[in-house]
Amino acid sequence: MASHIEILAILTSAVFCVWLFRRLKLPAILAYLVAGTLIGEHGLAWASDQADYETFAELGIVFLLFTLGLEFSLPKLLAMRHLVFSIGAFQVGISSLIFLVIAMLLGENFASAFVIGGVLALSSTAIVIRQLSESGAINRKSGQISVAILLFQDVAVVPLLIIIPLLAQDSNSSMLLELLFAIVKGVFVVAILLLGGKWLLPRLFNIIAKVRTDELFVLTTLLVTLMASALTQWFGLSMALGAFLAGMMLGESQYKHQLEADIRPYRDILLGLFFITVGMKLDISILVSQPLTIIAVLVSFMLIKIAVINILARRAGEGKKDAWASAFMLAQMGEFGFVLIALASQFNLFAEQTSSILLVTGVISMAITPFMVEHARSWAITISHEPPSEIEEKASKQLSKKLKDHVIICGFGRVGQTVSRFLKQESIDFVAIDIDPLRVKESREAGENILFGTSRQTEILNAAGLDRAKLVVIAFGEDKQSLEVIQKVRSLSKNVQILVRTRNDDHLELMQAAGANEVVPEILEGSLMLVSQVLSLTGVPFSRIFRRVQKERKAHYNHLHGFYQGEKTDLGPNAIDRIEFAHAVLLTENAFAIDHTIESLNFSERRVELIALRRNEEEIEQPPVDMVLQSQDTLIIRGKPRRVERAERFLQRGS
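Heads up: the sequence shown begins at 997 in the working numbering, then just goes up one per residue.
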């Protein structure tokens, strides 16, 4: 069993590497791989036996597949069946055959070559699905193709796990019987989970939800996930498949989002541990002694997989762009490949050097996967030169010719559609841009002016008539994407007005600096709406309410940026230094600021603002600069946290 020192070493290296990589804007997955390499037996040897952690690490993949199942309900999966069996099955079969032939030509025997073919044909479910989920690309066609192939690969692992021990026995008859028996067991257990889960799980969670205990709900979620995984493992299938089926049965329930939120902390921690155990397998000395071999194997097997997946996707009727994108996403070796390598080594099916080369190549391919997934779509667009569909092209040309002084709405979700309704009532022309193909199709059928594509692409913005637009409204609320759109729009048009919707004011100044004319934070605008209702219900005349709200808007929500921080104020590490807080400073009897005028204290030099003063239970907004401060005065100052701290110290001590 792992010692406390080893666990401490794993946690320390993980925390440091994740912190460093996130500061460098690199994926956390790479950080976990590097952390594992550092502490593994080929590194500092602080945690030399990864087998102690692999059982827990595998649960990370189990929970990942459970959350994936929540996204793919049974009707949605049935709609994807042609992708799973037409592309997924042929990808595994053809890729395995190609790698088997190449390995035999290079001198490997059939058993060794068969294992190599199976190992290299698989892709990383854990990395690809996590990257797709984080980027939101899982709902794109290329994301669905990738998920379909990965699902079949996870199923294909089962016969491979059966065949490898039988290859060592060299018994063809027993191999066929074992495979047939495995197929029967697989169909049986899947039927049990689908039929039982569809009826039982929603009722179980209805009962648990009525108790209204968060701990019980979380425990039930963990229990269901692990029981489904244990059931499939007991029948000789992968644990991940059982978790996926359980999630799929709950994907249409009202508890979907709560289940995902409950499982996420366990999933993220255990997935991190999984990638650390993968990193532990990396032998750096192989890179030094055989760099050309590693590079040759890495480049050749990734290119072959890209070609196979692209051709199969195209033959299945998918577009060039989606075929290329899914091929780039799945070019790496998968985590189950390491399981197959370990099993083959146990039965001495290939040499230790072959095993080491495969391990190093696999880890490197997984390490570069986040970069490939992130850029897969842009590479696919560049390579495919795929023109828009006839309908989109026709609509784009008509819109470009007719529109002038119109509004471009980036993102046609609930907010974007609300904006469009008011524009139509005022007879103001608009064109919307959205990345969701179903939403675009339905909106276009309803007669809306909408283009399919991302608002960050020059071609789409030009098709929307950016050069003649009066206003661009960015309505999707994701700060990172909004910043990219602002920069792209501003690079194409210096004069168009840009209005941005954002959830809070974390990046307000950054967006304004990038070129946004107006930024509307939902949380602040919501505060104004609430204030309006409060004042109205307490008898304040509507005209006065309207003046106050308009004054605040004209001041760009100036008085709303500062707020009193609480124990549970939810701010990220980057936001904490950008957000302004309001802070009350009580002047005690010995405070330095007593008998000083407000003007003499130079608040502006300290880059904070005095927004109010409370004296004798009376609050004075914007007190006169010649007012002399007294003991027991309470000053309400606003600014960034460190500046507020320094200002308070100055008011109390004079330093």
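None of these hints come from the bench; they were simulated from the model.
Remember, predicted model here, so these are calculated numbers, not experimental data.
Mixed in with the good hints there might be a few duds.
Okay, the calculated beta carbon distance ranges per label pair [as the list claims (entries may be wrong)]:
#1 Ser1627 to Ile1519: 45 to 53 Å
#2 Leu1533 to Ile1590: 38 to 46 Å
#3 Val1180 to Ala1442: 46 to 54 Å
#4 Ala1509 to Pro1620: 38 to 46 Å
#5 Arg1311 to Pro1433: 19 to 27 Å
#6 Ile1519 to Glu1480: 37 to 45 Å
#7 Asn1105 to Gly1409: 33 to 41 Å
#8 Gln1254 to Gln1483: 33 to 41 Å
#9 Ile1307 to Gln1483: 46 to 54 Å
#10 Gln1286 to Ala1509: 48 to 56 Å
Using N, Cα and C, we set each Cβ at its ideal position, and we do this for glycine too.
Comparing the hints with the structure gives:
1. Restraint check, Ser1627 to Ile1519: a C-beta distance of roughly 37 Å breaks the suggested window 45 to 53 Å.
2. In this structure, Leu1533 and Ile1590 meet the distance hint of 38 to 46 Å, their C-beta atoms being roughly 41 Å apart.
3. At about 49 Å, the CB distance of Val1180 to Ala1442 agrees with the hint of 46 to 54 Å.
4. For Ala1509 paired with Pro1620, a C-beta distance near 33 Å fails the hint of 38 to 46 Å.
5. Taking the beta carbon of each, Arg1311 and Pro1433 are about 21 Å apart, inside 19 to 27 Å as hinted.
6. Between Ile1519 and Glu1480 the Cβ separation comes to about 22 Å, which falls outside the hinted range of 37 to 45 Å.
7. For the pair Asn1105 and Gly1409, the supplied restraint of 33 to 41 Å is violated, since their beta-carbon distance comes to about 57 Å.
8. In this structure, Gln1254 and Gln1483 meet the distance hint of 33 to 41 Å, their C-beta atoms being roughly 36 Å apart.
9. One distance hint, 46 to 54 Å for the beta-carbon pair Ile1307 and Gln1483, is violated here, with the actual separation near 37 Å.
10. Separated by about 49 Å at the C-beta atoms, Gln1286 and Ala1509 satisfy the suggested range of 48 to 56 Å.
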